[in-house]
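When you get a sec, could you build the whole thing from the sequences and use the hints?
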Amino acid sequence: MTALSFVSGSGRRLRAGRRAGVGVTRPGLAWAVPATVFFLLFALVPLVLVAVLSFTSWDGVDSPRFNGLANWTKLLHDPVMTQSVWLTLVLTLAGVLVQTPVSILLGVWAAGHQRNRAVLSAIFFVPLLLSATAISVVWRAILDPNFGVPSQLPWLFGDGNLMGSQSGAIAVLTFVGMWQWTPMHALLYQGGARAIPQVLYQAAAIDGAGKVRQFIHITLPQLRNTMITSVILMLVGGLTTFDTVLILTQGGPGTDTTNSAYYMYQQAFKSFDFGSGSAIALVLVVVATLISLAVVRLSGYDKMRSTSEGL
Numbered sequence: 001m002t003a004l005s006f007v008s009g010s011g012r013r014l015r016a017g018r019r020a021g022v023g024v025t026r027p028g029l030a031w032a033v034p035a036t037v038f039f040l041l042f043a044l045v046p047l048v049l050v051a052v053l054s055f056t057s058w059d060g061v062d063s064p065r066f067n068g069l070a071n072w073t074k075l076l077h078d079p080v081m082t083q084s085v086w087l088t089l090v091l092t093l094a095g096v097l098v099q100t101p102v103s104i105l106l107g108v109w110a111a112g113h114q115r116n117r118a119v120l121s122a123i124f125f126v127p128l129l130l131s132a133t134a135i136s137v138v139w140r141a142i143l144d145p146n147f148g149v150p151s152q153l154p155w156l157f158g159d160g161n162l163m164g165s166q167s168g169a170i171a172v173l174t175f176v177g178m179w180q181w182t183p184m185h186a187l188l189y190q191g192g193a194r195a196i197p198q199v200l201y202q203a204a205a206i207d208g209a210g211k212v213r214q215f216i217h218i219t220l221p222q223l224r225n226t227m228i229t230s231v232i233l234m235l236v237g238g239l240t241t242f243d244t245v246l247i248l249t250q251g252g253p254g255t256d257t258t259n260s261a262y263y264m265y266q267q268a269f270k271s272f273d274f275g276s277g278s279a280i281a282l283v284l285v286v287v288a289t290l291i292s293l294a295v296v297r298l299s300g301y302d303k304m305r306s307t308s309e310g311l
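According to the numbering used here, the residues represented by the sequence shown are 1 to 311, in order.
Don't read these hints as lab results, they were simulated from the structure.
Fair warning: there could be bad hints in the mix.
As the list claims (entries may be wrong) - Listed next, with one range per pair, are the computed distances between beta-carbon atoms:
#1 Pro-101 to Asn-146: 30 to 36 Å
#2 Trp-179 to Gly-254: 22 to 28 Å
#3 Gly-164 to Ala-122: 32 to 38 Å
#4 Val-149 to Leu-233: 27 to 33 Å
#5 Gly-254 to Leu-153: 25 to 31 Å
#6 Val-138 to Thr-82: 47 to 53 Å
#7 Gly-300 to Leu-97: 18 to 24 Å
Think of the CB as a built atom: it goes at the ideal place given N, C-alpha and C, for glycine as much as any other residue.
Below you can see the structure in the form of structure tokens.
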């Protein structure tokens, strides 16, 4: 029996069990009440208020004044807004492309039984203990063009001002984001890898499959659900990145690294235009929701059924 036939056979037995009425008791709707109330109070109600503010002119002091579509018209014709949206998408896509393979490899490795794995895993997960602000401050000091590492290696970094150009600043933001969030996603993949039945690997080994083939044909397919969850978290995190941009680049040079979240902050808390800031926030929510739904739909995740039927 090959590993593939074993998986197929397991799926047939599981479906047969479902048809026979074998399953677990479904939890009652009452269990969803606390989460629903929490969602309404802390997510839906604030979102509705932000949507209302996006159609007003408000400086945070006087009473809001309804101004129709003025804020939205302003954003549509604002070149900085257009640039910030493209930059946000670039940073988000770069983060997903860089973090995903690194997280998978690190997570699968951490799920094994290698020598000193526990110690090295603890070191890798140190960034999880630090806040985004602390991480950004540390990396800003490390990359300082006058006193940081680049100033000591002119043959590699030139004048040392890595954040003096748009490409350099984007590379720095992508790297710092990877350093900050890769451990969290690796932890997800570690849990997913440990949940893979060892009998699949044993069957594959009997068939003569090596470690690489086992990784490609068993590990990666079994991590599909984990990968979808991880990618959605990366997308939402990338679209809402703020503190790293604020501390490392302040949106510069010029507006070259002004992403949508930072531009929202500038409009609302520097220009005191809370109407425009609310409109940008609503755009971010809508874009993040649509992208997440698209990932779920295209991946077929919405049609998958839990092996713990009903949970």
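Checked hints:
no.: 1; hint: Pro-101 to Asn-146: 30 to 36 Å; result: holds, 34 Å
no.: 2; hint: Trp-179 to Gly-254: 22 to 28 Å; result: holds, 25 Å
no.: 3; hint: Gly-164 to Ala-122: 32 to 38 Å; result: holds, 36 Å
no.: 4; hint: Val-149 to Leu-233: 27 to 33 Å; result: holds, 30 Å
no.: 5; hint: Gly-254 to Leu-153: 25 to 31 Å; result: holds, 26 Å
no.: 6; hint: Val-138 to Thr-82: 47 to 53 Å; result: violated, 33 Å
no.: 7; hint: Gly-300 to Leu-97: 18 to 24 Å; result: holds, 21 Å
Hint 6 from the earlier list is the only one contradicted by this structure; the remaining hints agree with it.
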